[in-house]
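J.: So you can see what is in the structure, the chains are spelled out below.
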Amino acid sequence: EAQVTQNPRYLITVTGKKLTVTCSQNMNHEYMSWYRQDPGLGLRQIYYSMNVEVTDKGDVPEGYKVSRKEKRNFPLILESPSPNQTSLYFCASSLSRNSNQPQHFGDGTRLSIL
Amino acid sequence: KNEVEQSPQNLTAQEGEFITINCSYSVGISALHWLQQHPGGGIVSLFMLSSGKKKHGRLIATINIQEKHSSLHITASHPRDSAVYICAVRFRSQGGSEKLVFGKGTKLTVNP
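Top line first, the protein sequences correspond to chains A and B.
Counting in my numbering, the first sequence runs without a single skipped number right up to 180 at its last residue.
Counting in my numbering, the second sequence runs without a single skipped number right up to 583 at its last residue.
If we strip away everything but chain A, and leave its shape as in the complex, we get:
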């Protein structure tokens, strides 16, 4: 089954403790992206990657890192999480950066930073 898999689905942690949210897709997609969703603000793009070893900042990249060493994986890293990073996070992928390709979303990761 074609899917985007995020782990963990839920995480409660404390300020400053490094964490990684994994994202994996099995569709051989080139383009992958991370978003956060906050009440009243909607979805905002954190980082995206157009292919292996090619990443770029979205609208809200501060406090996050990403890597794209393999095509299928695009982990989101919070080196020193803070409470303002408490949010619902979505990973998405599409076949290419071409604007007529649909995005496939993961089920979301709810992070709470205390």
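Hints listed in this document are in silico derivations from the structure and should not be mistaken for laboratory results.
Given the structure is predicted, the values throughout are model-derived calculations rather than measurements.
Ideal Cβ placement from N, Cα and C applies to all residues, glycine included.
All the pointers check out, no bait thrown in.
Derived contacts from chain A toward chain B, CB cut-off under 10 Å, selection only: (1) S99; (2) Y101; (3) G108; (4) R110; (5) Q111; (6) Y114; (7) D125; (8) H170; (9) D173; (10) G174; (11) R176.
Simulated pairs of lysine to any residue, SDA-like, Cα-Cα distance not exceeding 20 Å: (12) B:K570 to A:G108; (13) A:K83 to A:K131; (14) B:K570 to A:L161; (15) B:K539 to B:S522; (16) B:K575 to A:S153; (17) B:K570 to A:V118; (18) B:K578 to A:D104; (19) B:K578 to A:Q103; (20) B:K575 to A:G108; (21) B:K575 to A:Q151; (22) B:K525 to B:N493; (23) B:K570 to A:D122; (24) B:K570 to A:E128; (25) A:K123 to A:L144; (26) B:K570 to A:H170.
A short, non-exhaustive set of chain A residues, derived as facing chain B with CB atoms under 8 Å: (27) L109; (28) G124; (29) L154; (30) F156; (31) P168; (32) F171.
Let chain A serve as the given structure and place chain B on it in line with the hints.
T.: The following block gives chain B in isolation, referenced to the frame of chain A:
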């Protein structure tokens, strides 16, 4: 900066009604997406448009590039259509990178 405005924010309808959700944006775009987010949180891509009109089942999406406006229509609405509908536009920023900007969503509730 590209702004994406959706209206209405909330919409309540009776089963069977024709639904329209609107999306306006402020700069030239390469594509517009309509997404559906169910109460459980999962997001599904419904349509991508760069011109004209697309139809899938009871859903119809239109875009007017000149007026920078798109509409999502649902015919014969059903309670299972209850969800948040999100408009997103893809555009090229001044730095040359492609950005995806989302509207805040329209919460649709269809009552039986």
